[in-house]
Amino acid sequence: MKGFDLMAILLNPEFRSMLVHGLQVTLTIAACSWLLAMALAVVLLVIRLSPSRITERVVAGYVSYHQNVPTLVQLMLWYFGISSLLPGALQGWLGEHSGEALFAIIGLGLCQAAYFSEDLRSGLRSIPAGQAEAARALGHSYIGSMRHVLMPQAVRNALPALVNHSVSLFKNSSLAMAIGAAELTHAVKEVENQSFRAFESYLLATMLYLVFSLLIMAVGAWLGQRTRVATAR
Amino acid sequence: MIAFSNVNKWYGNYHALNDINAEVKKGEVVVVCGPSGSGKSTLIRTVNRLEEIKSGELRFDGQNVHAPMSSSELNRLRSRIGFVFQSFNLFPHLSALDNVMLSPMRVRGVKRAEARDKAMQLLERVGLATKAPSYPAQLSGGQQQRVAIARALAMEPPAMLFDEPTSALDPEMVGEVLAVMRRLAEDGMTMMCVTHEMGFARDVADRVWFMDAGRILESTEPESFFRNPQHPRAKRFLSDLRSH
Amino acid sequence: MLTDVFDILRDNWLLLLVGQFPNGPLGGIACTLILSVLGIVLAFPLSVALALARLSPWRLLNWPATALVYIARGVPLLMIILWVYFLVPLLIGHNVSGFVTMLCTLVLYEGAYLAEVVRAGIEALPNGQMEAARALGHSHLGAMRLVILPQALFNMLPSMLSQFVSTIKETTLGYVINVPELTFAANQINNQLLTKPFQVFFILAIIYFVVCWSLTRAATALERRIAARRAGLAGAKPGKPAPLAVQPLSAEP
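Chains as they are written, first to last, in the numbering used here: chain B, 1 to 233; chain V, 1001 to 1244; chain E, 2001 to 2253.
One thing to keep in mind: the hints can contain errors.
Said to hold, decoys possible - Here are a few chain B residues that face chain V, going by a calculated C-beta distance under 7 angstroms:
id, residue
1, 139
2, 148
3, 152
What the hints assert, rightly or not - To give a feel for the contact side, a few chain B residues facing chain E, derived at Cβ under 7 angstroms:
id, residue
4, 70
5, 80
6, 84
7, 85
8, 174
9, 185
10, 209
11, 213
12, 214
The hints are simulated quantities; they were obtained by calculation from the structure and are not laboratory data. Cβ coordinates follow ideal geometry from the N, Cα and C atoms, glycine included.
Chain B with its partners taken away, still in its complex shape (with noise of 0.2 angstroms):
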């Protein structure tokens, strides 16, 4: 086995600008369905809290679907399965305009959307009853109270948890690679392949990986502290 060269991969500039591009390809998967998951998981939120039984049901099940399925299966299923499913054109058009990112992104919201809403549900619920109460009594209406007292206690209850399951989101952006993403994973193995130096690129790899989950991590904790004085009972 070779020595061990760090430099070997940093400095030739090929190796370099694939780990630079899969970063780029990680980093958008990552965001973007961290966004349609957030959404996705208020919109869910706001129908659970409805009062009819069918649609607690459907959501539920959403969840439970989501919650139990494999990750990696869900991507199958939608890039494999559904795109199957689409009329021939838009298949064509999804295989031309990287089409595997875009399912990645749509199997990873929808997939964290199930446990973002569990997330603010649970943080939802841990709300003392008093406080719903106060609020009414004051004469604001159901909207007005969620608006302004409930929904900004449930987000700061929930941040660990949210935290958390963000930092899977982004962990989960590798799986993409399963579905031929050029992410960040894929690329390293690309790298190994053509370079023959699997320790120092998946070193590289693994401290980009690291770096930017102990991020998320450091903005969750940092967001804890500034709320935490404001509510500690």
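Dock chains V and E against chain B, hints included.
Chains V and E only, in chain B's frame:
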């Protein structure tokens, strides 16, 4: 101001409020007392419809509280009834000032500057102007309850309801809250208080309602209630209170 | 489409169940479940050791353990699989099968996540327990073994069960290194049929759903029983209640 006519409420088979007929006149201070489970909290919570009633009529400032109405009408009605909770229920994610400012701004549409001025005045009135930027977690129980009173007053209600306002407080803080309530009464506020604080009832109340098992058994002036209770249940209640 | 699903199931149920066995290595659901069970059982002692190391005041133990846990939390499972696939043959001297690689990865990954579960369980017990044990003369490790861990582990059973569910979901990544587990088997079927990808992956999803959902239900029922039992015993017990979260610590890939 607050008028109960033949009000009844059941929890399943349990008759929680039994044929309540009573009235709180404008400017009056009424204290509701009685053993636990007598229905005092339920009674006061029907006034702003945090509890529903099964039959009878309840009028607040002439308006039928339990008539079918839209949610916005109910919200508007509630905003005119001040309510102070046993567990304060301050909003923990807002400062004391924000707690007091929030509802005038969001429910009544008052402008921020005006709401702020009003809120500071109210915090001064309850003796907490210096604590305006503090969060509930940084305040003692007595301070939190005083902020809660200011919060309710911010909506300029014609009447205030107090549901055991001092029961959750450590003994040394009860006095500061009662002092605020006393001043409110002296300023002419119509008040209905569920409380165990008999000293307050004796000094401040215009009438005392004694409740047991969902009924108002006695409704007299404090002096005559404390010195000469009529109903045997009331006699027993007062002697239990005095015995410790 | 429904008839397609039944046809595929009828033609391939054996492959999905046991893979190519006996004409090849054990695969399918059997492989998935064996991998998961072995993974979590072997991860367990590692997790207890890591948890104790994280709680220990000695930096020599504490820092490496904490580092390991943060690495497992911050690095994707796929990346760890690549590392293990690369390092294990180097360390042992000869190649290993994908199954063994996957097993080692799961033991490490789940060991780290379970360590956090165990740590939470230990920290949730009232301080009085350790104090009483030490007052009676037990050593720190003795107290852990006889008093703390038995209680903590019992309380954390529901969380561990849901980590097991996570492990099952993690085995799907074995597909990437040709471990013949269920997802791999499904892909084999899809590569043969080619025309019905949706039906094949739909079946795959349903199978996982049924397995994981039943286990999660069992975990919730278990949690309820344990909570009831603790409420009964907890008459005079002060101290914070253990976190009863059944949600796994975000190990779901």
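Here is how each hint holds up against the structure:
For residue 139 (chain B), the interface hint holds, since its Cβ comes within 7 angstroms of a Cβ in chain V; the closest pair sits about 3 angstroms apart. Interface restraint check for residue 148 (chain B): the shortest CB-CB distance to chain V comes to about 6 angstroms, inside 7 angstroms, so the restraint holds. For residue 152 (chain B), the shortest C-beta to C-beta distance to chain V is roughly 5 angstroms, which falls under 7 angstroms, so the interface hint holds. Interface restraint check for residue 70 (chain B): the shortest CB-CB distance to chain E comes to about 4 angstroms, inside 7 angstroms, so the restraint holds.
Proximity of residue 80 (chain B) to chain E holds as hinted, the smallest CB-CB distance being about 4 angstroms (cut-off 7 angstroms). Interface hint status for residue 84 (chain B): upheld, as the beta-carbon distance to the closest one in chain E is roughly 5 angstroms, under 7 angstroms. For residue 85 (chain B), the suggested interface contact is upheld, since its CB lies about 6 angstroms from the closest CB of chain E, less than 7 angstroms. Hint on residue 174 (chain B) holds. Least Cβ distance to chain E is approximately 4 angstroms, under the 7 angstroms limit.
With its C-beta approaching chain E no nearer than about 5 angstroms, residue 185 (chain B) sits inside the 7 angstroms limit, and its interface hint holds. Of the supplied interface hints, the one on residue 209 (chain B) holds, with its beta-carbon coming within about 5 angstroms of a beta-carbon of chain E, less than 7 angstroms. Annotation: interface hint on residue 213 (chain B) holds; nearest CB of chain E at approximately 3 angstroms, less than 7 angstroms. The restraint placing residue 214 (chain B) at the interface with chain E holds, with a minimum CB-CB distance near 6 angstroms, inside the 7 angstroms limit.
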